[in-house]
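As a plain string of letters, each chain reads:
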Amino acid sequence: MREDKHEGRSSIATVRNMKTIILGLGNPILTDDAVGFRMVQELKEEIPDLEVSEVSEAGIALLDYVIGYDKLIIIDSIKTGKGKPGELYKLELEDLKPTMDFSSSHSVDIATAFKVGEGLGYRMPKHVSIYAVEVRDNTTFGERCTEEVEERIPFIVRQIIEEEKL
Amino acid sequence: MKKITIDPITRLEGHGRIEIFLNDDGEVERAYFQIPELRGFEKFCEGRPAEEMPRITPRICGVCPTAHHMASTKALDDLWKVEPTSAAKKIRELMYSAFCAEDHILHFVFLGGPDFIVGPTAPAGERNILGVIGKVGLEVGGKVIEMRKRLRGVIQTIGGKVIHPVCGLPGGVSKQITEEERKEFVDAAEYAVDFSKFILGVFDDVVLKNKEYVDLIVGDIYKHRTYYMGMVDENNKVNFYDGKIRVVDPNGKEFAKFRAQEYLDHIRERVEPWSYIKFCYLKNVGWKGFVDGEDSGVYRVAPLARLNAADGMATPLAQEAYERMYEILGGKPVHNTLAFHWARLIEALYASERALELARDPELTSPEIRNIPTEIPKEGVGVVEAPRGTLFHHYQTDERGIITKVNLIVATVNNSAPMCMSIEKAAKSLIHKGEVPDGILNMIEMAFRAYDPCNACATHSLPGRMPLEVNVYDSKGDLVRKLKRSG
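In order, the protein sequences belong to chains A and B.
The opening position of the first sequence corresponds to residue 1 in this note's numbering, with each subsequent residue numbered one higher.
The opening position of the second sequence corresponds to residue 1001 in this note's numbering, with each subsequent residue numbered one higher.
Only true hints are included.
When the alpha-carbon atoms are kept at most 16 Å apart in a straight line, the in silico EDC-like pairs for lysine to aspartate or glutamate are as follows: (1) Lys1043/B x Glu143/A; (2) Lys1161/B x Glu54/A; (3) Lys1089/B x Glu1363/B; (4) Lys1089/B x Glu1357/B; (5) Lys1081/B x Glu1051/B; (6) Lys1283/B x Glu1269/B; (7) Lys1161/B x Asp64/A; (8) Lys1149/B x Glu57/A; (9) Lys1428/B x Asp1474/B; (10) Lys1257/B x Asp1233/B; (11) Lys1253/B x Asp1295/B; (12) Lys115/A x Glu1126/B; (13) Lys1149/B x Asp64/A; (14) Lys1161/B x Glu57/A; (15) Lys1433/B x Glu1027/B.
Note that these hints are calculated values from the structure, not bench results.
Only a predicted model underlies this, so the values are computations on that prediction, with no experimental measurement involved.
Please take these sequences and the hints and turn them into a complete structure.
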């Protein structure tokens, strides 16, 4: 992402020409866990040319969605319990602190999935941005985000468009 | 916009926790394992048409979608009392076998494998998939990905979507298989059989020829004498897709054998005040607490349990591997929790061989893919063996087929009591006189990693896996040690 910014400053056209995929991660029937899906839906609405995907998988399965792209933007939920619901954070891949001693299948984190992809010689995106939306409830089944999160969506969609110069 | 760095343990809510309580002598009194629980599923389903359930339930988690889809589809067969056509059953079982083979192999290579292939005492930084690839070679890593891709291709073609299949209908499936597709399935299944054989060979070379590992597998830290449950076919061979549920006692003797619809006569769930998870036990033995033995209703499910509960495997290569495991580990049943990994590989070989048998069956391309339901729906139960154990879906509806009641027993919940026991036993073996060794976290994790617990519900949000912490309290209830999973 640091490199992104650098490139963004030097040549916006270069950024726009990169083959980019935007992944919204989450579960559409788990209240605020759906926020990643909602975000990519709204982004696609705003900018129909964008290539987006709604993804309910994690870890190694992410490789299926990202191999061959130059740039990857991930939008997921997060529950730090310390921010306001609907607040947007930006993370670096390294921030996800891959500890890599997992206890449950498929719960391999994004950073590890990337290392595996690189290790196996796949063409992984060189530029990765990760956004996380603070959520309130991601453990109750429901098809809608909580109001606090839902009403912030238009605003955070704008934030991402500006930050990524989409 | 805030930029943050995540410390999974201290900064995130809803993580897994192991609480260990010591007595006055500094020995372990009790250990508790807690994970967050999802809420409101039953309410979410009520009022929806039952036909939607095979598409809703796979979304419960991103780990076992195909298992939920299949259990749900079978519950609909039972709800409308309609028998699927022979071709439909084969198509379903083929998709399901592809799923089980892929899931088992991934677990071993990515999660269980690091403990064995890299080694239980290797530094945490190496005990991961990259360490496994480093040890077995880059080429093997590529083969894992290739096998996964091909088997997912089978699921995608039959299921319509790979992650959330949509093919299951009461009485059959939605789409006929073409001859060209069938041939692709044969290729994928052949690849899976070869790779499963290869991985069993790696297990032989790396694990079984290493005395240290074998001692760990057969050692007392990871051993529990329990009942075992699994689905079997008419010859009492392991079956993932259909059959009766068989339970054997800790001596390996058949204790019960029942149809899916009778599950409530055999299984009870209990609630403990300290956990959101329910604990299953055998009703006809009774709950005696978190203890081993014939008098305790605690039972186990998933690979080793299925092998223990059956008389063998229905395919030739898996049967050979089955016999070899019991010969080496001293006969049936095997009570050693770490042998779940071995059993998982034998099952992967079985699932691959079964997929190949089905893919070669000319009936697979039959146009007879569905019997149309004509009965009025009321109640239905569907059961499959998910990779992580027996999975029950039970629906009740009104006469229009609108859901009025839902009960699910998900695979991992069957194992929740034994998982707690395994954690407690590992803690008891490792903590003495109030001394908590540093390596304890991995040794305890090994105890429950063997079950491949599906806590995916807790891993949807970033950082994409369930953080874990271990808290140790002295006899006065004061926190004396806190261990986190760290990099």
